[in-house]
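Full structure from sequences and hints, please.
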Amino acid sequence: MSQENPAVKKLNTVFPGVIKKVISGWGETAIIVDKADLEKIGRFLKEDPELQFDLLSDLGGVDYQGKKEKRFEVVYQLYSTKTHQRLRIKVEVGENESIPSVTTIWRAAEWPERECYEMFGIEFEGHPGLNRLLTIEEFDGFPLRKDYPLLGKAEIVAGYEGGVRWQKRS
Amino acid sequence: MAEALLKTQLRTETMILHMGPQHPSTHGVLRVDLELDGEVIVKVNPYIGHLHRGIEKLAENKTFHQVIPLTDRLDYLSPMINNLGYALAVERLLGLKVPERAQVIRVIMAELTRIQSHLVWLGTHVLDIGAMSPIMYCFREREQILDIFEMVAGARMNPSYIRIGGVNGDLTSEAIDKIGTFVENFPAHIKEYEDLLTNNPIWVNRTKGVGKITGEEAINLGTTGPTLRSCGVKWDLRKTNPYSGYETYEFDIILGENGDVYDRYRVRIEEMKQSVELVKQGLKKLKPGPIYADEAKVIPPPKEKVMTDIGALIHHFKIMSEGFKVPEGEVYQAIETPRGELGFYIVSDGSSKPYRVKIKTPSFMNLMALETLAKGRLLADIVAIIGSIDIVLGEIDK
Chain A
1 MSQENPAVKK LNTVFPGVIK KVISGWGETA IIVDKADLEK IGRFLKEDPE LQFDLLSDLG
61 GVDYQGKKEK RFEVVYQLYS TKTHQRLRIK VEVGENESIP SVTTIWRAAE WPERECYEMF
121 GIEFEGHPGL NRLLTIEEFD GFPLRKDYPL LGKAEIVAGY EGGVRWQKRS
Chain B
1001 MAEALLKTQL RTETMILHMG PQHPSTHGVL RVDLELDGEV IVKVNPYIGH LHRGIEKLAE
1061 NKTFHQVIPL TDRLDYLSPM INNLGYALAV ERLLGLKVPE RAQVIRVIMA ELTRIQSHLV
1121 WLGTHVLDIG AMSPIMYCFR EREQILDIFE MVAGARMNPS YIRIGGVNGD LTSEAIDKIG
1181 TFVENFPAHI KEYEDLLTNN PIWVNRTKGV GKITGEEAIN LGTTGPTLRS CGVKWDLRKT
1241 NPYSGYETYE FDIILGENGD VYDRYRVRIE EMKQSVELVK QGLKKLKPGP IYADEAKVIP
1301 PPKEKVMTDI GALIHHFKIM SEGFKVPEGE VYQAIETPRG ELGFYIVSDG SSKPYRVKIK
1361 TPSFMNLMAL ETLAKGRLLA DIVAIIGSID IVLGEIDK
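In order, the protein sequence lines correspond to chains A and B.
Residue numbers for the first sequence follow the numbering used here, beginning at 1 and rising by one.
Residue numbers for the second sequence follow the numbering used here, beginning at 1001 and rising by one.
Just so you know, these hints were derived from the structure itself, not from any lab.
Note that CB positions come from ideal geometry on N, CA and C, so glycine has one too.
Careful: at least some of the hints might be erroneous.
These stretches of chain A come out as covered by chain B in the derived footprint (C-beta under 8 Å, 3 or more residues) [what the hints assert, rightly or not]:
| id | stretch |
| --- | --- |
| 1 | 93–103 |
| 2 | 120–131 |
Take a look, some chain B residues computed to stay more than 12 Å from chain A by CB distance [stated by the list, open to error]:
| id | residue |
| --- | --- |
| 3 | Asn1185 |
| 4 | Pro1288 |
| 5 | Ile1319 |
| 6 | Glu1341 |
Here it is in C-alpha cells:
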C-alpha cells in the first residue's frame, strides 16, 4: 500500500535504501530517513519536476524520551503547490546531536528551526542565526522536552536594571 | 580640507529604529527593529514571543477535549476555524464520521468567521494607513456576526463551538434567520468599503507596488493564504484538499497578480464576497438531522439526559474528567484560515491526552516574509506592509 505513493516510489528508485521506514495511515505517508541523507532527499523532492514539494508547511520536533532509541524526532511536513500532495519526512536525532539545516532548500525553515532549537535543544548545522525565538535569551532549559516541568523551572521575580532575575521553583 | 569636513560632518551610517512592541500598527505585541539608511529600509528584524503562552506544552497536559479552548486563543480573530482544524485532526485519528448537518453548520460558521476576521483586518489596516472611516463601518458589521456567534455558541470571542465529532448546539430558526438577513445585506456594505477605497487615489498610491513579492519567493518563504494568492499562486486548501464538505460548494480560488499590498486588499475583499455566497449555499444545504457523530465513547450525552438519568450523568462525568482514548498514530490536518494554512500535527500514544500537538500557524510563516517585502521600501511603507500580511500575534507566539 505504501509503495503506491509516487514520492516513495521515486525515492526508492533514485536513492535505493535511503528510506529506512515508510509509515502510512489515515491517508498520509511518512518516511523515516537518516539525517545524513536529509539534504540530498530534500533537494531532490523539491526540484524533481514530477514531485515538486516546493512548500515546507511545517517543521517541528517530538520528544520520545524513554520510548524510542533516539530521543527526538524532527518532522518535516512537505506540500506541493503544483500536485497538492503531502509527504512527511521524519529524522531521528539523539540527545546532544545536531542535524543539518534545510534553510538552503526551503527558506521557510528559518524560524521553525529556531523554534525547534529553543524548545528541544536540537541544533541545526548551517542555520544562519540559531537564536531563541519565542522565549527570552536568559531562558534556561528547553520547555517542550518531556522532562521539563509544566510550571517551568524558574520564575521571574523582579525586573531590575540590566536584566531580569530568575528564582528557582522549590 | 573640504573632504575632511565632509567626513566629520556628513555621516552616512545606518540608523536602528525600534518599532513596537506597543506600536498601534503592529496589531498586538510585535517588536520590529528596522535598520534605516535615511528613509530607506535596509534590514528588518522582527522580535516575537511577547505573547508566548506555551499552548503546545499545555495541550500535552490536557485531555483531547480540553484542548479546544486553547485553540480559540491561537488566532483570536478566527476562533471557530481554529476549533475546526483541531476537531478535524482528532476526528481523523478516531475515525469519526461527522453528520451532514454538523458539517454544513461548520462551514457556515467558518465562513462567517472569515468575514469577521477580514473585517477587522480591513478596518485596522486602513486605519494604519490613515483612513479613519472604514473601521467604523467594519466594526458595525462585525458586531452583527458576533451577535450571531453569541446566539449560536453563547460567546462572542472564544466560542469553543466546534467540538470533536460535531458542534455544540444546533442552529435555532432565529439564528438561521439572522444569518440569512446578514448575508442578504452584507454585499451592499462591501460596496460601501470599496467606494471609499478601491479607486481612491490616495489609497491606491499608498498600496500599489508596495511590498511586492513573486509567487516563487513567497512559496519558498512558506507564506500561505491571501498573501500567497495575491501573487497569482492558485492554491486554496478548501478547493485543493477539501475538508468538511467544501467539495460540494461552488466557488473559485481568488487570485491577485502583482503580489503587492493593493492586490492583497483586492483578494481579501473578493474573499468576503465569496464567503457570503458560501454561507448562502450552506443555508440551502441545511437539512434536519443530528449534529453529533454517533459514538457514545467520545460524545457526551445530551444535557437534558444528564439532568435526569444517572447513567448519562456518569457517562458525562467520565468523558469530561477522564477523557476518551484516541488510537495510537499521527495525523497532520491543514485547513484554510483567513490567514492561510493552519495545520495541526497530532501524535497520539493511545492515551486520553495528546502526546504532542504541533501547530503550524499561518501568521508565523507569513511574518517571516516581512523582510523580503519591506527591503528597499520607505519607512512609511512598513506600516502598510505589516497590515497587509494580516498577522495575529496570538498565533505567531502560540
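Per-stretch coverage check for the stretch 120–131 of chain A, three Cβ contacts closer than 8 Å to chain B: Answer violated; 0 residues pass the 8 Å Cβ test.
task: Take a quick look at Pro1288(B) and tell me if its Cβ sits farther than 12 Å from every Cβ on chain A, holds or violated.
output: holds, 30 Å
message: Checking a non-interface call: every C-beta of chain A should be farther than 12 Å from the C-beta of Asn1185(B). Is that right?
response: Per Cβ check, Asn1185(B) is outside 12 Å of chain A; nearest 36 Å; holds.
query: Beyond 12 Å from every Cβ of chain A: is that where the Cβ of Glu1341(B) lies?
result: Since the minimum Cβ distance to chain A is about 6 Å, Glu1341(B) lies within 12 Å and the statement is violated.
- prompt: Regarding the assertion that Ile1319(B) does not contact chain A, is the least Cβ-Cβ distance greater than 12 Å?
  reply: holds, 23 Å
- prompt: Has the stretch 93–103 of chain A got at least three residues whose CB is nearer than 8 Å to a CB belonging to chain B?
  reply: violated (count 0)
Going down the numbered hints, you'll see the structure goes against 1, 2 and 6, while the others check out.
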